[in-house]
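Trainee: What follows is each chain in one-letter form.
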Amino acid sequence: MATFDRILPEVSEILEDFRTELASIDWLLINRDLNGRVRIIAPAVASDGEARRTLDGIAEKLKRRIGPRAYSVENAVLYEDDYEAACEGASLSPLKGFENITIADRLPTAGDWASIAPEASGAPLVVFFSVKGGVGRSTALAASALSLAQNDKKVLVLDLDLASPGLSSALLPEDRRPKYGIVDWLVEDLVGDGDPVFDEIFATSELSRDGEIFVVPAHGRDPGEYISKLGRAWMSVIGSDGKREGWPKRLRRLIDGLKKALLPDIVLIDARAGIDDLSSTCVTDLGAKLVLLFALDDDQTWSGYRILFRHWRLASVAEEIRERLQLVGAMTPETERDEYLEKMREASYELFAGELYDAIPPGEPIEDRWNFEESDEAAPHTPWPIRRNQGFAALRSLRGRLAEIDESEIVLIFGPLIEELRALVEEQNADE
Amino acid sequence: MTTDFQDAHERHWSDAEFLFQESRWANADHLYGIAAECGLKRLMIAFGMPFDSKNDMPKDRQDRTHIDIIQKRYETYRSGNLGGVGYELPDPGAFDDWNASQRYEPRGNFDRKRTEAHRKGAEDVRYLVQHARKEGLL
Chain D
1 MATFDRILPE VSEILEDFRT ELASIDWLLI NRDLNGRVRI IAPAVASDGE ARRTLDGIAE
61 KLKRRIGPRA YSVENAVLYE DDYEAACEGA SLSPLKGFEN ITIADRLPTA GDWASIAPEA
121 SGAPLVVFFS VKGGVGRSTA LAASALSLAQ NDKKVLVLDL DLASPGLSSA LLPEDRRPKY
181 GIVDWLVEDL VGDGDPVFDE IFATSELSRD GEIFVVPAHG RDPGEYISKL GRAWMSVIGS
241 DGKREGWPKR LRRLIDGLKK ALLPDIVLID ARAGIDDLSS TCVTDLGAKL VLLFALDDDQ
301 TWSGYRILFR HWRLASVAEE IRERLQLVGA MTPETERDEY LEKMREASYE LFAGELYDAI
361 PPGEPIEDRW NFEESDEAAP HTPWPIRRNQ GFAALRSLRG RLAEIDESEI VLIFGPLIEE
421 LRALVEEQNA DE
Chain Z
433 MTTDFQDAHE RHWSDAEFLF QESRWANADH LYGIAAECGL KRLMIAFGMP FDSKNDMPKD
493 RQDRTHIDII QKRYETYRSG NLGGVGYELP DPGAFDDWNA SQRYEPRGNF DRKRTEAHRK
553 GAEDVRYLVQ HARKEGLL
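First to last, the protein sequences are chains D and Z.
Here the first sequence stands for residues 1 to 432, numbered as in my numbering.
Here the second sequence stands for residues 433 to 570, numbered as in my numbering.
Simulated from the structure, these hints should not be mistaken for lab results.
Positions of the beta carbon are idealized from the N, C-alpha and C atoms, including for glycine.
One or more of the hints may lead you astray.
Said to hold, decoys possible - Straight-line Cα separation of at most 30 Å, DSSO-like style, residue types lysine-lysine; simulated pairs:
# : chain 1 : residue 1 : chain 2 : residue 2
1 : D       : Lys249    : Z       : Lys545
2 : Z       : Lys504    : D       : Lys229
3 : D       : Lys229    : D       : Lys249
4 : D       : Lys243    : Z       : Lys491
5 : Z       : Lys545    : D       : Lys243
6 : D       : Lys243    : Z       : Lys504
7 : D       : Lys249    : Z       : Lys552
Stated by the list, open to error - Under 7 Å between C-beta atoms, here's a sample of chain D residues computed to sit facing chain Z:
#  : residue
8  : Asn31
9  : Asp33
10 : Leu34
11 : Asn35
12 : Leu78
13 : Lys96
14 : Arg106
15 : Ile238
What the hints assert, rightly or not - Now the stretches of chain Z that chain D is said to cover, found in silico as 3 or more residues with beta-carbon under 8 Å:
#  : segment
16 : 516-527
17 : 556-566
Isolated chain D, as found in the complex (with noise of 0.2 Å):
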């Protein structure tokens, strides 16, 4: 039985067979469709003769090795006559081992973690994200917010945990929420009416007595039909130009509108936890300056994290993305807390020298490799510690407690990685 996981080693195999006589084709796709099942685009010149041949000779070969994952011969190979369009809606990545021939996914979802967009200009964009939930992410974010707020810093805060929100009623009291919310904006916006909604959907906080915090949350203050309105946020528009502009473009232009409105310093996003579309949006499609890996030391959180790392590894994707991740260590406990650290960090270790950084073959130099030691302190697997802290266990009660905490106890709880923040923020302003 030919599983999913057996496509990509079986066509290995057969396309192996056809080696020479693939390498007078310019390109070739193995495109895997929604269901999952095999078809190979071609460019058009390649419909007769000796490609044609062989091309139906892999499909042959593709429908008696990958049965239901195959097409019948004569439908077997779709012919192209530009690779673009060929390519259009896909996530991409190469078939290791052959230079002209790439996979095509098509998948659902937007969501493919594959496809790494570029630093975002302007204000440094940090991404909270963790792939299991309840590990202090939300508050570690209002926590941070305040801090580079009080620090007489301009901070935008979105919550794009969309499907479960709540990080903004940490930073606003009721009656300060604005009318509307990030879903309202991408709802209006299918139809093209967004900018109405654009002036209502953010509202500063009043925890800031010197900088300013802006929030942006889920929906307003009124949800309204949250449910109905979050089942189509998702669609992508049409322009009149016939271009498709998927959700998560759409959402970079929200974000964009909001940098140039606003002029923030930061912009602190947070995700939503877990391997799912909305948080690849967050990590991959925003351009994202800093992904913070919220992390506890379990097998849970490495198995995660793992099963991602690999998918941009795979996907040859890990160079784009590697060098903006950062592991924070989450709810660190109060005893035993270095050996707890050590422990972690050796874990993490393990996990980003396996998929992430690059092998040093013995005796050449490490210097052009991306590469650390497992106890370098600046290396992205050595976890920025937040301690664990009752008092900010429960987002409930977090609104109160930030109006009543003192700076210095925030410093003590999530220090290192509000140190980091601010770095950015100077960093940032000194390049410009």
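With the hints as your guide, set chain Z onto chain D.
Mentor: Okay, now just chain Z, sitting in the frame of chain D:
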């Protein structure tokens, strides 16, 4: 005879292109309309249009019409279907001013501009059919 909307879509498109290159606007214009109709009917079947296999035609009389009507019927099947996300056609439709009876009109009533607009409409449908094959819908 057996109905094969996909094949009919492709051959009408090819012949329309042939005539278009020869500046035969009237018949090119007609064939672009038929090409678009066949492509949409193939997609409508994928989106759940009932098809009478015994009589080899769509079950509903309203689905046995030409592109000026079919472009609206298409939306009936597409819009309520999760698989139809990403298969929208531009609004307003490209064939609002096309009618099958125009095949009886004199050639002087057709020009490049009019035919180009319908060519674009048929091209949009062609793109959707090709996209559906890549996604595995067809």
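Trainee: Return the numbers of the hints above that this structure violates; sort them in rising order.
Mentor: Those not satisfied are hints 1, 4 and 13.
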